[in-house]
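Given only the sequences and the hints, what does the whole structure look like? Please build it.
If you read the protein sequences in the order shown, they are chains W and P.
Start counting at 1 in the first sequence, then tack on 6, and there's your number in my numbering.
Start counting at 1 in the second sequence, then tack on 99, and there's your number in my numbering.
Bear in mind the hints are in silico, worked out from the structure with no lab data behind them.
Glycine is no exception: its CB is placed at the ideal position from the N, C-alpha and C atoms.
Do not rely on the hints blindly, as some may be mistaken.
Pair ranges (Cβ atoms, derived) [said to hold, decoys possible]: (1) W:MET7 to P:ARG188: 21 to 31 Å; (2) W:PRO476 to P:ASN187: 22 to 32 Å; (3) P:ASN187 to W:LEU53: 50 to 60 Å; (4) P:TYR221 to W:PRO476: 28 to 38 Å; (5) P:ARG188 to W:GLY568: 22 to 32 Å; (6) P:GLY138 to W:LEU187: 16 to 26 Å; (7) P:THR242 to W:VAL169: 23 to 33 Å; (8) W:PRO476 to P:LEU210: 54 to 64 Å; (9) W:SER60 to P:ASN187: 29 to 39 Å; (10) P:LEU127 to W:SER180: 18 to 28 Å; (11) W:VAL389 to P:ALA117: 51 to 61 Å; (12) P:VAL278 to W:LEU550: 32 to 42 Å; (13) W:GLY591 to P:PHE103: 30 to 40 Å.
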Amino acid sequence: MHHLLPLLAAGPLLGATLLVAAGRRLPRVVAESFACAVCAATGVLALVLLLNSSPPLTEWVGGWRPVHGESVGIVVIGDGPSLGMAVLVSLLTLAALVYSWHYFEEPPRGHAGSYPALMLAFQAGMCGFAIAGDLFNMFVFFELMSVVAYALTGFRIDEAKAVQGALTFGVVNSLGAYAMLTGIGLLYARTGELAMSRIGRGLDAYGRPDALVLAAFVLVLTALLVKAAAVPFHLWLPDAHAVAPTPVCMLLSGVMVELGAYGVWRVYGTIFAGPGGIPAADLERALVALGVLTAVVGAVMCWHQRHIKRLLANSTIAHTGLFLAALGVLTPEGDDGAALYILGHAGVKAALFACTGILLDRYGNVDERALHGRGRDLRTVGVLFAIGGLALAGLPPFGTGIGKAVSEEAVGGPLTVLFVLASAVTSGAVLRVAARVFLGLGAPPPKGAAYETTGADEEPETSGRLDRIPGTMIFVPAVLLAGALAVGVAPGFPTVVSRAVAAAGTGRTPVDVHWTSTGVLLGCLSSLLAVGLAAVAVVRPGLLTAPSWALPLRRLQSGHVGDYVAWLLVGATVLGALALPGVLGG
Amino acid sequence: MSRFFRLRVLAFGGAGLAALLVAACFDLPGFGGGSHPYGDRAVRASLARRTANVISSVNFDQRAYDTLGEMSILFAAVLGCVVLLRQNRDEHRDRPEPTEVALPVRRYALLVLPVALVTGLYVIAHGQLSPGGGFQGGVVAATALHLLYLGADYGALERVRPIGVFEVTDSLAACSYLVLGLAGVLAGTAFLANTLLPYGTFNTLSSGGTVPLLNAAIGMEVASAVVVLLARFLDQAVEIEEEKGS
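Printed below as a string of structure tokens:
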């Protein structure tokens, strides 16, 4: 069974190469059906492996099993979290492929295979990253998923801003990748190993952490936090999401960003958790501080957007902040909460993007104000969008609800307030959009302020504007929301997730995870707050306009690559400062 | 952000990171030490499989799975370029006029072209024996072809370089690398396991098991990928023109 693990990356790649080879002669339907079949087969393989992953699978690619405890090969890991992420990646890629069935204007003439091939390569990159047990291998697949994501983001080359967004994304993420490579170099110099668990053992054998360990920690985490879009590494994300085709947004927000958080969990747990690594208190300080900052900035920015795609992108930032805070407390409950939250959030956020894509293709517009009342005839889409908005607040019994509830219990104290507020504000923003666009509530808005990105004058992604919405474009968000619901209501599912996370070699005892009355109450509280915020925003828009202190925050999102690079360096420095005390304390 | 503020922020972040890196450098192991844990193991493993070039053994045997990822990055990057550098709505194609090439340039280019091409192919073919291999040889072979652009003109290059063929070769080469890997799984060993072919005689062309085959697949992939990549950029520079007034 474990021999099949590398096929999670190799399978979609094989599909991609065949699609490109035959793509010139294939009709579009055949190319897209083939891509869906390959994607689904990979998903089934991941699921079968997941069901057999207790105890966790390990595979030395090429058969280079360790001899006398030493190996020259690459190890891949099939435990609950890694295979769970691979299943999630495959499901979302399949959803995105089905969603784009009738979607794009045919990309480069005579290359029907290009777009589905890129999607398969994206799937391969993300699956390979999820199952990597070797730090350098993790870097390779980090690069693969990044490269494909840049190309997919800039897909609509007729618009200058698409190229600009993709370029910014490319520059910032590549810098993150260089940082990671430098960090790997430092760890290799110290330990002579590349397999993550062996690097960890090597560091422990060396003794107390010193500046080299701290630098390696900062560099590797910088790359992963860039991917996870933690503040201040996050600035690329809204620009990329605003211009990427909708199916790509579903993947970027639904799972690629979350893979960054997953990477932080994996890298810390296997490399830096021992006595030779970074002390737990320092990691906790760093992750919780960055998580809180990210959640606050994301929520504030989300509330003040009128470009719906940017609004959803900023809500993703806010939620990543919550994931990081939940992971940051370094308890089994925190890990379980983050895992469930990520699963629920993936379905909800992808569904919301799918609904926004329908607006874009029907009206050529994703501006909340310009669309005022125009979505009245899209009743089904409106209902889905509103349900997605409520689920974003953690309304029980959605998967986001149980994830939020378990995380809140894990973090406890004042951080609970953060979870309730951040989810309520992002959800309130989505509900506000729903009320204005699909119900036409509130007064038609006046012309906007000077410093704003409107969402007007966008090109639809289909060939021409849609008069009738294809069934697939409705079906996909409905299924995604049903999936998010299933995470919360399937009996025993949270406990299964908890066992899988506990079995992943962190040596923690599994905890019993289920809905609690406090969790249900806090979820309902968030949802009520969200509805209240949306209602106030619609009825009395003057009360909740941007306060003056939020303006500098919005100016950070300048679109200037130089700014983003400068903030990336600041972020790395801050991360180093936050983790410094433990290294000095020795 | 104003330029002044941006520079301040950059200086602050850069200084912090630089301090961290300098501090880390002092903790690095000394230069020229005798301890090379991974190096010793890799050389032993390479010799056990009769691969003379240890680097190739690392690339195509011990860590062939990384090479699969790197090849896929190149493959995806080229595919991305094909998609992004397509002709957009505001552009049209213009046949470039043939231009005069200075005689010494023409003589030199046409003289060197076959030599460079053969060198590239040699570097690929001897990847398991001597320095070089598929990645390096592939780039040399692909750029050799472009001497025709310097020595003759764009039309001549286009005649020897049918893009469609190279695109298909690129993907088939990548595909064959994957199929060679899958053969290991089908044979019941492991993905990309080098246990299917005899290891041959040390330091001969047919040594190293599957190393020469994977190396050849990479060579083909890299050569075609670089040709397609350059073709797309040349296309933009030479043929595709922006519409007047747009």
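Here's how the hints hold up against the structure:
1. W:MET7 to P:ARG188: 21 to 31 Å: Since MET7 (chain W) and ARG188 (chain P) have Cβ atoms about 51 Å apart, the given range 21 to 31 Å is violated.
2. W:PRO476 to P:ASN187: 22 to 32 Å: holds, 26 Å
3. P:ASN187 to W:LEU53: 50 to 60 Å: Given about 41 Å between the Cβ atoms, the range is violated.
4. P:TYR221 to W:PRO476: 28 to 38 Å: 55 Å Cβ-Cβ, so the 28 to 38 Å window is violated.
5. P:ARG188 to W:GLY568: 22 to 32 Å: Holds - the Cβ-Cβ distance for ARG188 (chain P) and GLY568 (chain W), about 30 Å, lies within 22 to 32 Å.
6. P:GLY138 to W:LEU187: 16 to 26 Å: holds, 19 Å
7. P:THR242 to W:VAL169: 23 to 33 Å: holds, 27 Å
8. W:PRO476 to P:LEU210: 54 to 64 Å: holds, 60 Å
9. W:SER60 to P:ASN187: 29 to 39 Å: Hint violated: Cβ distance 52 Å, outside 29 to 39 Å.
10. P:LEU127 to W:SER180: 18 to 28 Å: holds, 25 Å
11. W:VAL389 to P:ALA117: 51 to 61 Å: holds, 54 Å
12. P:VAL278 to W:LEU550: 32 to 42 Å: violated, 59 Å
13. W:GLY591 to P:PHE103: 30 to 40 Å: The hinted range 30 to 40 Å holds for GLY591 (chain W) and PHE103 (chain P), with Cβ atoms some 38 Å apart.
In the structure shown, a violation is registered for the earlier hints numbered 1, 3, 4, 9, 12, in ascending order.
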